[in-house]
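**Student:** Fit chain V to the supplied structure of chain F, relying on the hints for placement.
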Amino acid sequence: MLLGHPAESLRLPWSVPLASFSLEIDALSAFFLVAIFGLSALAAAYGGGAWRAGPGRRGAAAWLAFNLLVASMALVVAARNGILFLFAWEMMTLASWFLVTLHHDRDEARRAGRIYLIAAHIGTAFLLVFFLGLAGVAPTLDFGLSGAPAASTPAAGAFLGPSALFLLAVVGFGTKAGFMPLHMWLPEAHPAAPAHVSAVMSGVMIKMGIYGLLRMLPYLGPPPAWWGWLLIAIGLVSGILGVLYALAQHELKRLLAYHSIENIGIIAGGMGLGLLGTAYGTPFLAALGFSGALLHVWNHAMFKGLLFLGAGSVIHATGTGEIEHLGGLLRRMPWTGAAFLTGALAISGLPPLNGFVSEFLIYLGSFQAAAAAPGSMALAGMALIAGLALIGGLAAACFVKAFGIAFLGEPRSARASEARESGVLLRAPMAILAALCLAIGLMAPWLLPLLQPALPYGAAFPAPALAAGFGTATTILTRVTAVAGLFLLLVLAAVVLRRALLARRGVRRSGTWDCGYALPTPRMQYTASSFAQPILEVFAPLLGTRVSSLKPMGLFPDKASHATETPDSFRERVVAPIAAEVARRVAPFRRIQEGRVQVYVLYIALTLVAVLVYQFLVNP
Amino acid sequence: MNPEGLGGPVLAILFAPLFLGLIQRAKAFFAGRTGPPLLQLYYDLGKLLRKSAVFSRTTTWVFGLGPVAGVAAVLAALTLLPQGGLPALFAFPGDFVLLLYLLGTARFLTMAAALDTGSSFEGMGASREAAFSALAEPVLLLCLAAAARVSGRTSLSGIVGGLTEADWQRGAPVLVLVGAAVLAVLLAENARIPVDDPSTHLELTMIHEAMVLDHGGPDLAMILWGAALKLWVMGALLVGLLLPVRTGILALDGGAFLLAMAVLAIVIGIVESTIARLRMNRVPQFLVGAGAFAVVAIALILR
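Read top to bottom, the protein sequences are chains F and V.
Using our numbering, read the first sequence as starting at 1148 and increasing by one per residue.
Using our numbering, read the second sequence as starting at 59 and increasing by one per residue.
Bound-form chain F, shown alone (with noise of 0.2 Å):
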């Protein structure tokens, strides 16, 4: 399909009212199920030697639902019919959340899956809403099969505008997707789950929520800008404020769920900028908008998906995710300390890896429209410029900690200092994804040709204006992929040289030179909690992280101690007390539920007679 293949459909009757049988695989859904298939294909390897020892009595089970998460995901990108995507999408929640609670046994994972639960629920309400809006416009639920009329433009009979539709659309999707203040469920339910699911959900289940807005919007009609500056703002705001809860967790797979609403920001900045170029009709800056989210929607699932399963061999070898217990890793499991540095250097946007392809073209899209566009584009373009430079470099920040205090260094725990690198099977996926990760930072100029067809409103801009505008930004690709392949090469040399010189004169083992302390401890070292310290106070005030710390005191001090956790001010200050009070006011209906069944038929008794009642009333 990415290759210009003509779309395939499959349309089956189904009894359900409203609903057909429609699946469709056109190059957006073909995009999404290459890294649905690839990204799972590999976890479920990793896996494999992850259980091997088996989750205990349901190992069967927990494969199911895992094989059910990628099959509904699957099944997802390929609907064409409102009640069947949403079906698929209720089997995708349910199957993620089985593997979420697969260890019920543990407080911490039944909590997360029941947050998870409601927040994914109140998501698809928004959405079972929205596709009722469509229906409005549309007279039965199938959408964008080739052939079938798709619904245009609303009609004046649809009981929602497109803006209302919009905005069910962000908040349905975007719950799943982890937009803030939507993401409340994602650091509690990816550090819950076995590392390969945490993978595939970040890597893959939450760009679900970014493909289907970019299914869905070009049904609304034609975008107003202010829809873009919506989605810009949305993504800043997850993007800046995720990179921050991150760089405040010492958990390894806590402080990359963070991370993950901060790259669903910057896919979300890199849509808005695309929404921005199709209102204003720019089909440069909606190519590089779009393509730049869709390129880092792959990227994510790569990097992220590599991140989360070097996590997992971490936790698998120490027993523990806490940074603070880590340390010189890299030493005792150097496959997944190089994997892990991979990754970190990718996540953080940094060249020759794929991270920095997809920000760039989000960069090279907000410098076009700062540089050139019409006043509000251009503040459009500068606010993401300046967004995305702080995020990346507070993410390099982040991922120096993480690296560098788990792997560098000396361990700081006996169970640290025991670690045994992880099986093949375990390895081999992350070698994999690690190798992805360079081969699509230096071949993006390649790459990028496959996303045209699936570009969303691609249809709005005359073939060879978009054309045109891809091959403009291919052409820069290219040079960009000849100096990241010159810093290679001038890598290789200097690595040479340095050699050449040190076997010259040789090189001599010896402590690390403490400033002349001559026993040094792994205690004394730089802790993650410190070397975050200095960004996080600058952004106090957004985070309000809880410092707990025992001052030494007097002229002996025996005991002292400090310790900053840094909980979800969302969850605190603004979910927390408007769930406390919905709890308040509904709970006068608690006690309707009874819980003898003879009472539930009286209330299907009664209404039936109260239906019967009103269509011989009001309808005779």
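Please note: incorrect hints may appear among the correct ones.
Said to hold, decoys possible - Here are some chain F residues pointing at chain V (derived, C-beta under 8 Å):
| # | residue |
| --- | --- |
| 1 | Phe1273 |
| 2 | Leu1477 |
| 3 | Leu1511 |
| 4 | Gln1515 |
| 5 | Ala1517 |
| 6 | Met1529 |
| 7 | Ala1536 |
| 8 | Glu1557 |
| 9 | Arg1626 |
| 10 | Phe1678 |
What the hints assert, rightly or not - Residues of chain V clear of chain F, computed beta-carbon distances all greater than 10 Å:
| # | residue |
| --- | --- |
| 11 | Glu62 |
| 12 | Leu97 |
| 13 | Phe150 |
| 14 | Tyr159 |
| 15 | Ser177 |
| 16 | Ile324 |
| 17 | Arg335 |
| 18 | Ala350 |
These are calculated hints, taken from the structure and not from any lab test.
Glycine included, each C-beta is placed from N, C-alpha and C at the ideal position.
**Tutor:** Only chain V this time, still in chain F's reference frame:
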């Protein structure tokens, strides 16, 4: 790719250590000393390259990767930089993003190398470097965005290599503000006073020097050389922004560029001699102040 663009990197490689020598001389003059020879850094580099090295038993290959990638990244970044009348080897829209991110790769690996030693001094240096560079990066990119708006172009060749007198007449206030902000970022990113002090090694307030405490021999040579080149890159950015001499005659443009670089070195020397280093917790304010300059510049140009 412009073959004549090879001249730029050669120029930088030849003159970057001299630039530092000039700063040292200016500082020495203000302190009433004679100061080290102008070519001191060349001697240092030559000596360090011939030395052996002592590695900590804690370190891994990441420790060696830091200096190596640092030099390679700055050299690659040089191919994107137009200097004086010399065009860049590679010029394309958005090339400065690649340039800054290449420096970002170098910084990432330098910080990782620092943490590799397990020394808390170097961890401290890396932590501060991470914090301050995360604040400096957006300022620099916003400055470039404002300059891009003035020139209407989105590549370094357009922004720093192609700003004309006409652009200056239209956007002088913007460009002055941008120049001030870039100078502030230059001082912060290159470990100069008032953010960092390049001449001490063991102060607890150190950033860059604290990160490289354990490096010696060829590694230290690469770090010093890389730092000199990075200072040159940022200096050339600033000079390109502020010096609209475009006669088209290579000798004239190049001469003006080199002269301006010399003036910049002396200005940095004066700044370092007359201003005290800021307290660590004041540095974010310094950078946010530079950011405010950039935002005002943008407000002026978008008005």
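**Student:** Indicate, hint by hint, whether the structure satisfies it.
**Tutor:** For each hint, the structure was consulted:
Below 8 Å, beta-carbon pairs count as interface contacts, and Phe1273 (chain F) has none with chain V, the closest being about 34 Å; its hint is therefore violated. With 8 Å as the threshold, the beta carbon of Leu1477 (chain F) comes within range of chain V, its nearest partner Cβ sitting at about 5 Å, so the hint holds. With a least beta-carbon distance of about 4 Å to chain V, the hint placing Leu1511 (chain F) at the interface is held under the 8 Å criterion. A least Cβ separation of about 6 Å between Gln1515 (chain F) and chain V falls short of the 8 Å threshold, and the interface hint therefore holds.
Residue-level restraint check for Ala1517 (chain F) holds (minimum Cβ-Cβ distance to chain V is 4 Å; threshold 8 Å). The interface hint given for Met1529 (chain F) holds, since its Cβ lies 5 Å from the closest Cβ of chain V, which is under the 8 Å cut-off. Because the beta carbon of Ala1536 (chain F) sits about 4 Å from the nearest beta carbon in chain V, less than 8 Å, this interface hint is met. Restraint check, Glu1557 (chain F) versus chain V: the minimum CB separation of about 5 Å is within 8 Å; hint holds.
The beta carbon of Arg1626 (chain F) is positioned within 8 Å of a beta carbon in chain V (closest approach about 4 Å), and the interface hint is therefore held. A distance limit of 8 Å between C-beta atoms decides the matter here; for Phe1678 (chain F) the minimum to chain V is near 4 Å, and the interface restraint holds. Distance check on Glu62 (chain V): its Cβ is at least 17 Å (rounded) from any Cβ of chain F, clearing the 10 Å threshold; non-interface status holds. A cut-off of 10 Å between C-beta atoms confirms that Leu97 (chain V) is not in contact with chain F; the least separation is 21 Å.
With a minimum CB-CB distance of about 4 Å to chain F, Phe150 (chain V) fails to clear the 10 Å threshold, and the non-interface call is violated. Consistency note on Tyr159 (chain V): stated as away from chain F, yet its beta-carbon is not over 10 Å from all of that chain's, at 5 Å minimum. For Ser177 (chain V), the condition that its CB be more than 10 Å from all CB atoms of chain F is violated, with the nearest at approximately 5 Å. With a least CB separation of 30 Å from chain F, Ile324 (chain V) remains clear of the 10 Å interface cut-off, as annotated.
Every Cβ of chain F is farther than 10 Å from the Cβ of Arg335 (chain V); the closest lies at roughly 16 Å, confirming the non-interface assignment. Residue placement check: Ala350 (chain V) keeps its beta carbon more than 10 Å from all beta carbons of chain F (closest about 12 Å).
Consistency with the previously given hints fails for numbers 1, 13, 14, 15, ordered from lowest to highest.
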